Amino acid sequence: MQVVLHLLVFTALRLGGVTTTIIKTFSDDAGTEKFNHMVVDKNTGRVFVGAVNRLYQLSPDLELVMSDMTGPHEDSPECSVIDCPSNVVKKKTDNVNKALVIDYTMSRLISCGSLFQGMCSVRNLHNISDVAQSVKEAVVANNATASTVAFIAPGPPHPPVSQVMYVGVTYTGNSPYRSEVPAVSSRSLDKDKMFMIAATAVTTGTRMFVNSLARERYPINYIYGFASEGFSYFLTTQMKYSSPSPFISKLVRVCFDDSNYYSYTEIPIDCISEGGKAYNLVQAGFVGKPGSDLAADLGITAQDDVLFAVFSESEQNEGEGSSKPSQYSALCVYSLKAIRRKFMQNIKTCFTGMGNRGLDFISPSHGCILTKLQTIGEDFCGLDVNTPLGGETPMAAVPVVVFNHHLTAIAATSTGDYTVVFVGTSTGHLKKIVVESSKVALEYGDLPVVENSAVNQDLRFDNQLLHLYVMTEKRVSKVKVQECNVYKSCWDCLGAKDPYCGWCSLENKCSLRSDCQDAAKDVLYWISYKSGRCTTITTVTPNQLQRTTARTLELVIDNLPTLSGQFQCAFTALDKSLTTNATRKPYGVNCTTPRTDLLPSIPQGQHHFTAKLSVRMTNGPDFVATNFTFFDCNTYSSCTQCVSSSFPCDWCVDGHRCTHDTAENCRNDILVTGVSRIGPSYRSGPGFCPTINATAGGSTEILVSSGLKKSLRVKVHIIGQFIVQTRFVCQFNIEGRVTSVNANLLGDTIYCESMEFSYTSKAPNITATFAVIWGGSKPLDNPDNIHVVIYRCREMADNCGMCLALADKFACGWCQVSDRCEVSEQCDRGGGVWLNRNHTCPNPEVTSFTPQLGPWEGGTNITIEGINLGKTYQDIYGGVEVAGLPCEPYEELYEKTKRIVCRVDSPGTNVMRRGPVVVRVEDFRGESKQTYEFVDPSLESISPKFGPRSGGTMLKIQGNYMNAGSRIQASIDTLPCDIISTSPNEALCITSASDRQRSGKVKMKFDKGDRSYDKELFEYVEDPTIESAESGVGSQLKIPKGIPAGGILITVTGKNLAYIQNPQMYVYYNGKMFLSKCNVRSNSLMKCYSPEIITGSAELDAEHPEKLEYGFKMDNVAGVQNLTRFSFHPFTLYPNPVYDKFDEEVKYYKSDYLTINGQHLDRACQEADVKVKIGNADCNVTSLSRQQLTCRPPPTQPLDSQDNQNIEPNSLPEVVVMVGAGGALRYTIGRLSYESPTDINGPLSKPAMFGVIAGILLLLLIFVAFLIAYRRKSTESN
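Under mature numbering (1 follows the signal peptide of the UniProt record, and there is no 0), the letters of the sequence shown match residues -20 to -1, 1 to 1258, in that order.
Be aware that a few hints might be false.
The calculated SDA-like cross-link candidates involving lysine to any residue, where the alpha carbons are at most 20 Å apart (straight line), are [unchecked claim]:
hint: 1; residue 1: K592; residue 2: L578
hint: 2; residue 1: K468; residue 2: A550
hint: 3; residue 1: K454; residue 2: P52
hint: 4; residue 1: K742; residue 2: V721
hint: 5; residue 1: K592; residue 2: N561
hint: 6; residue 1: K1127; residue 2: Y1207
hint: 7; residue 1: K489; residue 2: N561
hint: 8; residue 1: K936; residue 2: K909
hint: 9; residue 1: K458; residue 2: S951
hint: 10; residue 1: K1018; residue 2: F1106
hint: 11; residue 1: K1052; residue 2: K1093
hint: 12; residue 1: K71; residue 2: M49
hint: 13; residue 1: K592; residue 2: P522
hint: 14; residue 1: K1067; residue 2: Q1041
hint: 15; residue 1: K878; residue 2: K925
hint: 16; residue 1: K988; residue 2: P956
hint: 17; residue 1: K1153; residue 2: F1106
hint: 18; residue 1: K468; residue 2: P522
hint: 19; residue 1: K925; residue 2: T852
hint: 20; residue 1: K1093; residue 2: A1038
hint: 21; residue 1: K981; residue 2: S951
hint: 22; residue 1: K690; residue 2: V721
Each pair of labels, with its calculated beta carbon distance range [what the hints assert, rightly or not]:
hint: 23; residue 1: L1179; residue 2: Y1048; range: 44 to 50 Å
hint: 24; residue 1: D472; residue 2: K257; range: 33 to 39 Å
hint: 25; residue 1: N1063; residue 2: S1107; range: 32 to 38 Å
These are computed hints drawn from the structure, not numbers from a lab. From a predicted model like this one, the values you see are computed outputs, not experimental measurements. No residue lacks a Cβ here, since even glycine has one placed at the ideal position from N, Cα and C.
Starting from the given sequences, assemble the full structure and let the hints guide the process.
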């Protein structure tokens, strides 16, 4: 069973700024085709899921605890619950879960399936595989589509002590035994009477049937069931009348303490908009408790029950379409107190003798009988008259919100004053709604859970109401009901309109009310979305301050909580935080700015920094903040910058400084006030600053040729006579060298004394900064950035044509003496022959041209590259020839002096003709060294001769002169084939798609020359299709598997595979594509190897492998790409197998087989993927398991594979395991010996060798000792 547990975090969607998170998911694509029902144990939090042929027990975090198979089994609708006639043919039939209910009184799980006429079983709530009781009783619907609703509530014989299971079932009519199954029943939960009708009498009991005349033509769909205050209810959709009529929704009710079902009553339930639009088909329901706001609006308490239901409009008003829901849906809300009153009203009407009893699809409808009952209360449990009763006065409500989506599920809860409703859609979304009153609701969130997979009716909360379990066809998702902590500001928090979330002022966070300390003490401590009253600093006075000064700030704060303790202002900027004490005021607080010596410095090149100014309690978090700016006028070095800034800065002209305090710093000085300074001023703004305004020519750049001596002049704007009377200096910074020359002021112009301008780099030009200095060191402002550009003509153009085409402002020309581009003063010191822009360059030169071949039909565009090819289009128009024929240039493609593109026409006949390219410019002529040739291209063969309809086939066309011309095109009949390359004998093109199978002639067009290949046709064949792609051990599920090292054999079957030239397999990992080659074995079989996948530092989990998108690149065939779209199992990536080394240095081979241990050996591999080498011989792999490989070595010990030319006689062969094609993964296991370690002739192991040597030494020592003792004894005897 391939069970997938996704530990995914989806940061999903924003609607109204809310973010919801899916934290866990569970799916089992291989085990079941569809999930049917889900329940959550309110005591343990366990989740139980009933599915087709499966039952699952999950942990609260959706981890699989266990599962049990419930089908398929041999069955037939013709069989009864007890036995089956011998002539009935049974077949394997799926078991669809029709009901899943927890019986809390006995701690058991009741599961009912569609097999065996709808049997139920009782299971252990702690171990679902433990079936305590399986009762042969038809209880639920016996097919996949008919509805069943079941729930447990008090019932006969002794409510509320005794509990029964209420069941509503749609009649299926597919079996002769279905007439015995009641439409509504109460079934016993006593062990001896399990699932039998709880109470029966001769003609009555806790059951209700649709009569035999109506049941075939009067279907009743049971949608939801619930119990409340002494009654059990069902929500249904059924026809309005027993004769064909539109479908409506109804409430069905029976009393707990009714052993005869005399209390059985139905009334319509309406959900109709104020405009009269009827949402007549109920789709799902939920009974829960309201928030206090909704309860007050409904006139009930927060402990009373409320029915929340979603309805859809019918697709059609009449006929069969009236039972089918459309995409238009609505949410309606009903208090159970109002429902009880509406039932009582309908019952009273009938018991006073008015109208008919109705429900003639159950029993004939008679007139209502007048009874002598004086009072009928809300708890009335019926009599043996006027039963069953069908009331006609509906329980009506107006939608609180409508949708253009089909709604399929609903769950509701309350948080504080607010009522929150979650609804699921048919497209797999979960919508979040806050119900503000019985007529108004607001959608505040939308989460895509599983796109295009309908949300199941069983939408369940966890036992703490903090998460919601959302079930779609094949996945269960655990969703947080809120995620307040994603909102970082009060306005974001309240703007999300999430009723769970509010702004916790004192902790400066968005949170649940329960997570906010002291929230109950003050409404401003935890601010809900509805109040919209964020604590806000509305103004700060002053709102900015010179960094070198300190001030008391006044902060006007709206909605400031009442707090005891010391307020503080915190100033945070540039990784530094400073606090000062604040004083509470009626309007907010006031506080001083920090000491100036503690403030951080303003960063280099900037003029201010912005601090976060926040208000907090001592040692508490910020609960309100705004921005506050510290600026420093002293950082401005020019008058223009100073007085133009957004800060209140002024410029002292003579002091040449920017200041915030003119009284202190600008006494007896000319003052230019800043534009941000409030109040009247004689001189305000940059227009009064002493500046260099513009050059004499009005340009911001002054051009000077390098090496020339030149005097410059600029216009100035000067205020103040004391400036005029000072000495002026022109200052230039050239390549870092500062040069100063004296200057004179005449009128409004500064004249700089002449100087030589030059630079050393090889650049065509450089920029030098320029300043006019007065008063010794004070530069005039240069707001227009007037600068000097020093240039060299020779570096800007290396030939005459390019030189004369340079911009007129440079005054460059061609010096024929030096043969280079120069200004006239530098050409032989002004005396040489110098060509200016009005002259024509001699010596045009053609350096190259393309193409050099063209069809004799002409129409070829020739691109000519050269030098001095004219300065204008008129210079070369009519002057270009190719092989003696005129070539007409294109004006729009002409690049002066260096490129011409022209079109040459046909010579008229198909004869050999060649010649050079000639360009004439006035009296000068340039000619190419290569020649152009008119040729006759021809097509000789094509390969391949077929390709898929989707195109993408690389077609090779062989012939002569296949690269002739400037525009070469190919086609198959009228379908283009995109040329990708040409050579003299070959052209390659990629076929385009065809709308059908066809054969076509290959054609080519060489400019104006048309050619075709007439010997064979190219055939478009049907696209290849993939039927399966599989790998791995034969006993395992056949799916494509791989390892990061790649090379695992994947067998691919399909159709039309042989039509593809170079098929490839691809796998996507972390958004990157990895490719491997495939080998086509036949038209229906292909062998591929899994690609090598670079996983980086990521560690793969063998128990939860990666599921990856994969497909095949087969020309342009889209149908074989991203196969996971077409219900193919994803590519499964396992970790690389690991083979362990031998335990000892030399392994002694003792039996017929060699065993090698490891981990993950058969996760992705099979025997054919693994190769074992012993020296220079193979060890045939015979088996592969999760942790062990077995192979049969050759009968005799092979030679060592290392350096086979010089093998030592006693060298042992090395065992190497190679995994994947080409040995993508290689493990050296150790050395192998065929001889035992005790073999005489065999080489001794090191331990044995040490043992022998030690023994010999010991013997020698004993012998020497014996000799010494013997000698001493002999001496004593003598």
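When the structure is checked against the list of hints, which entries are broken? Sort them ascending. 4, 7, 8, 9, 15, 17, 18, 19 and 25
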